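Here the protein sequences come in this chain order: A, B and C.
The opening position of the first sequence corresponds to residue 44 in our numbering, with each subsequent residue numbered one higher.
The opening position of the second sequence corresponds to residue 148 in our numbering, with each subsequent residue numbered one higher.
The opening position of the third sequence corresponds to residue 2 in our numbering, with each subsequent residue numbered one higher.
No wet-lab data here; the hints were simulated from the structure.
A portion of the hints provided could be inaccurate.
Pairs of lysine-lysine, BS3-like flavour, derived with a Cα cap of 25 Å [stated by the list, open to error]:
hint, chain 1, residue 1, chain 2, residue 2
1, A, K409, A, K76
2, B, K393, B, K355
3, B, K190, C, K94
4, A, K228, A, K175
5, C, K164, B, K190
6, A, K232, B, K231
7, A, K228, B, K347
8, C, K85, B, K306
Every beta carbon over 12 Å from chain B, so not counted as near; a handful from chain C, in silico [what the hints assert, rightly or not]:
hint, residue
9, A119
10, K149
11, T153
Facing chain B, from chain C, some residues (calculated, C-beta under 10 Å) [as the list claims (entries may be wrong)]:
hint, residue
12, R72
13, D73
14, F91
15, E117
16, T126
Remember, it's a predicted structure, so these values are computed and weren't measured experimentally.
No residue lacks a Cβ here, since even glycine has one placed at the ideal position from N, Cα and C.
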Amino acid sequence: MQNYLIKQARVVDPANNFDAVADVLALNGQIAKVAQNIERKDAVIIDGKGLLCAPGFVDLHAHLREPGYEGKETIASGSRGAAKGGYTTICMMPNTNPAMDNGYALGVAQKIIEQDALVNVKIIGAITKERKGAELTNFAELKAAGAAALSDDGSPLESQTLMKEALLKAAKTGLPVTSHAEDLKLAGKGVMNDGFISSKLGLAGMSNESEWKAVEREIDLARQTKTPLHFCHISTKEACELIRKAKKEGLKITAEAAPHHFTLTQSECESFSGNAKMNPPLRAAADVEAVKQALKDGALDAIATDHAPHAPHEKEVEFELAMFGIIGLETAFALSHSALVESGLIDVKKLIELMSLNPARIFNLKAGTLTEGAPADIALVDLNEEWVYSQEEILSASRNSPYIGRKLKGRVKHVLCGGKLIFKDGRINE
Amino acid sequence: MSDNFAWTKKDLLGLEYLSAGEITRILDTAASFKEVSTRDIKKVPALRGKTAVNLFYEPSTRTRVSFEVAQKRLSCDVVNMDMKASSVLKGETLADTGRNLEALKIDIFIIRHSYAGAANVLSKFVKGSVINAGDGKHEHPTQALLDIYTLREKFGKVKGLNVTIVGDIEHSRVARSNIWGLTKLGANVTLCAPPAILPKYADKFGVKVTSDIDEALKDAHAVNVLRMQFERDDLKAFPTPAQYFKTYAVTKERLKKCRPDIIVMHPGPMNRGLEISTDVADGKNSVILEQVTNGIAVRMAVLFLTSSAVRRGE
Amino acid sequence: MEKTIQTAQEMDKTLQRMAFEILERHANPANIAFVGIRTRGVFLAQRLKEKFDAAAKLTAPLGELDITLYRDDLSQVADFPVIKPSNIGFDLKDKNVILVDDVLYTGRTIRAALTELADFGRPATIELAVLIDRGHRELPVEANYVGKKVPTARKEVIHVKVKEYDGHEIVLLGERDVR
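Bound conformation, chain A alone (with noise of 0.2 Å):
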């Protein structure tokens, strides 16, 4: 296996609490050594200097669409675009078809996983059969199986009874599991955030309410079961308070948030372009600012993409009609970076423990730090680099991105992933 030494660039590792310009030596897949002036003969040199480097970034909530809508996204083509991201751990929800809800769906998934996949692909369970939300899986089965997490992402549960005793059994596999919290309700036929913009343009809308009910309800199961939740992509300003008070009563919950909620507000649908569309919705400019606090202070702990790839005959349609979602791993980091740190909110080692290292710890996974011995999986970026992201480069099998044809901040250089420099020069190299 090829040995690989980068000089001279600013490392930072959360984890360890480092943030100094230094050299990496990555031999036989794993982080060998972070000091000054490394010298190595049997390594490839990588040169550093101007660049960031920091510890691969791991993705709590990507959807990759195979097996079962391969039109959209593939473990291949979704894997890459993780690459381009800087991404070098990404987990999978399990909303493809067959759902990932049996041993033998994951294995299926892992096969392909095997062969097609570029970066680390982790896959998270189904919490109830066919993610029905009428019968729970085998969490025993799919642990075994491999599966990082449990989760019923895009069709939550509605019986609480259901997700209490999901609570209970998953902490006794010790599973994590992640909730996609809404009232479906409240949410009624709703398409983008309830208020003035979607009464204005004739659009149903989906309230606050819609998610922090759900928030606050779910808070309540965990404290009753006393086990851990992670709440998927937190949206409104409400929901970030329920999860601050519940962190400060000592509940063990952590909470993730999406680039999109903390750059964009609801007026983008007002072109009522479809790429605009997403669950939970753009929201207020009040939310927006909100997140951005509580991904400071610790309210939230991570930053998770909710890549979710559309066809374009799925999203270049009525705004009724599109489907929700948006691609973003290739440009997650980009506007994190401009949101957080180029508006002086949070430092880069702040931004690369919500990238990196809490999302690892979250789903107890081997990644997220440069610490000796751990996996070789570093990302190298040009934080000053600006560029526009621009149809054609894009790497997932879906275009829908509200971001097209905008200036972006902060570019992946070069990746490794296990030891293996996966991304070079800003490209796929295999």
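Add chains B and C to chain A, keeping to what the hints say.
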């Protein structure tokens, strides 16, 4: 009188997107087009050689006929497409329909759709002019323009007039477009409806809101009566049509307490004896048929101005 | 730099001469009708008519045409001020129409005006009166009554100002506005 500025908008998607000056330009231009319809030869060659397609995803007789007459008076070739019966059933997307029509070198797209924003979406996929003929609950700009034209013709101005809109505001694209147009031109708008069918954020539109019809009509120069559709699901909880008539209909008795010169408008089709009484619909204050006549002139003006912008953009 | 082609006084004298010419060339002046082309042709037609009426002791009918809708190039339309209704308040049938415009240039405006007039009725004859003929015809159109022939370059432009519309009265030759 609008200032002399170049018209640059190739589409008419809604009145929210127009400035007061642009709305006034359309109204002024419509005034000239009204004269064309009084000629023996009611046709001018302005859009000769252009092809318009009337894409109706939702049935509509009066709007479609009005557009078609306007197109023909401008010498524009017209293709009517009843979209319920064609591609939609085969699952073709709006983008693909647009691209296919573009390949047929269509210059003007008139679109009526039951989903909000359909015209906005179509405009992203075609180079020709897109004119919104009503999209879901969003906007119906040409209807509002003809309402405002009629109002201006009667009172010689729009600014400072009190205009009341009565009926199912929440579900009404006519109401939304009227609110944008009237407030931009400086009219005072009052919305009147039972609370259940007032938009949740009605107060943010810069209008007065009430559920008391007599209060809403007091001092009004004009009342625009919207069609009530009791078959809607969300109106099930609502009082019966008879109760609505009693509480909200515009009747002769109510008009007696109003300004004597109040004008009564209705976008049609009317439910006589439901939201409006027959004696009012046919009475001296009614301008409902003049609205229909003015609709031709307004649509001619819109077709003409948007087409002139397309050519410039090439 | 703009050059004066005609002063207000010269314009008035020219129009007077044209009115006499019109009267001279028609055996039956009672059949004459004036139609001005918007914008300034309308005001010139009004002047011609008044001078003609005084000389002929008649009251000739006066109409106005807005030829915007008959233009052969829509791309020019957007820059124009709001179009106005055409107004021919009399029957054109068997009339000897004097079509009036300020400047004769490519001939396209006149072609459009002739087409539009035909949609209003069928006059016995149509003649053309213009204050300035600046050349550069693109169509076979000539005026029957010309106030003044002015040789110009294409890049130049003739401005006819009338007091009713512009507040003052003058004919100027200038460079094309760069807008």
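Hint check results:
Among the hinted pairs, K409/A with K76/A is consistent with the structure: their alpha-carbon atoms are about 17 Å apart, no more than 25 Å. Taken as a hint, the K393/B and K355/B pair is honoured in the structure, with Cα atoms around 22 Å apart against an allowance of 25 Å. A hinted pair counts as satisfied when its Cα atoms are at most 25 Å apart, and K190/B with K94/C qualifies at roughly 19 Å. Of the pairs offered as hints, the one joining K228/A and K175/A holds, with about 16 Å between alpha carbons and a cut-off of 25 Å not exceeded.
Of the pairs offered as hints, the one joining K164/C and K190/B is violated, with about 34 Å between alpha carbons and a cut-off of 25 Å exceeded. Under the criterion of a C-alpha separation no larger than 25 Å, the hint pairing K232/A with K231/B is consistent with the structure, at around 23 Å. This hinted pair checks out: K228/A and K347/B have alpha carbons roughly 18 Å apart, not beyond 25 Å. With a CA separation close to 22 Å, the supplied pair K85/C and K306/B stays within the 25 Å bound.
Not every Cβ of chain B is farther than 12 Å from the Cβ of A119/C; the closest lies at roughly 9 Å, contradicting the non-interface assignment. Every Cβ of chain B is farther than 12 Å from the Cβ of K149/C; the closest lies at roughly 28 Å, confirming the non-interface assignment. Distance to chain B confirms T153/C as a non-interface residue, since its nearest Cβ pair spans about 25 Å, more than 12 Å. Here the hint on R72/C is kept, as its CB sits about 8 Å from the closest CB of chain B, short of 10 Å.
Taking 10 Å as the C-beta cut-off, the interface hint given for D73/C holds, the closest approach to chain B being about 9 Å. With a least beta-carbon distance of about 13 Å to chain B, the hint placing F91/C at the interface is violated under the 10 Å criterion. At a threshold of 10 Å, the smallest CB-CB gap from E117/C to chain B is about 8 Å, leaving the interface hint in force. For T126/C, the interface hint is violated, the least distance from its beta-carbon to any beta-carbon of chain B being 20 Å, above 10 Å.
Hint check: violations occur at hints 5, 9, 14, 16; the rest are consistent with the structure.
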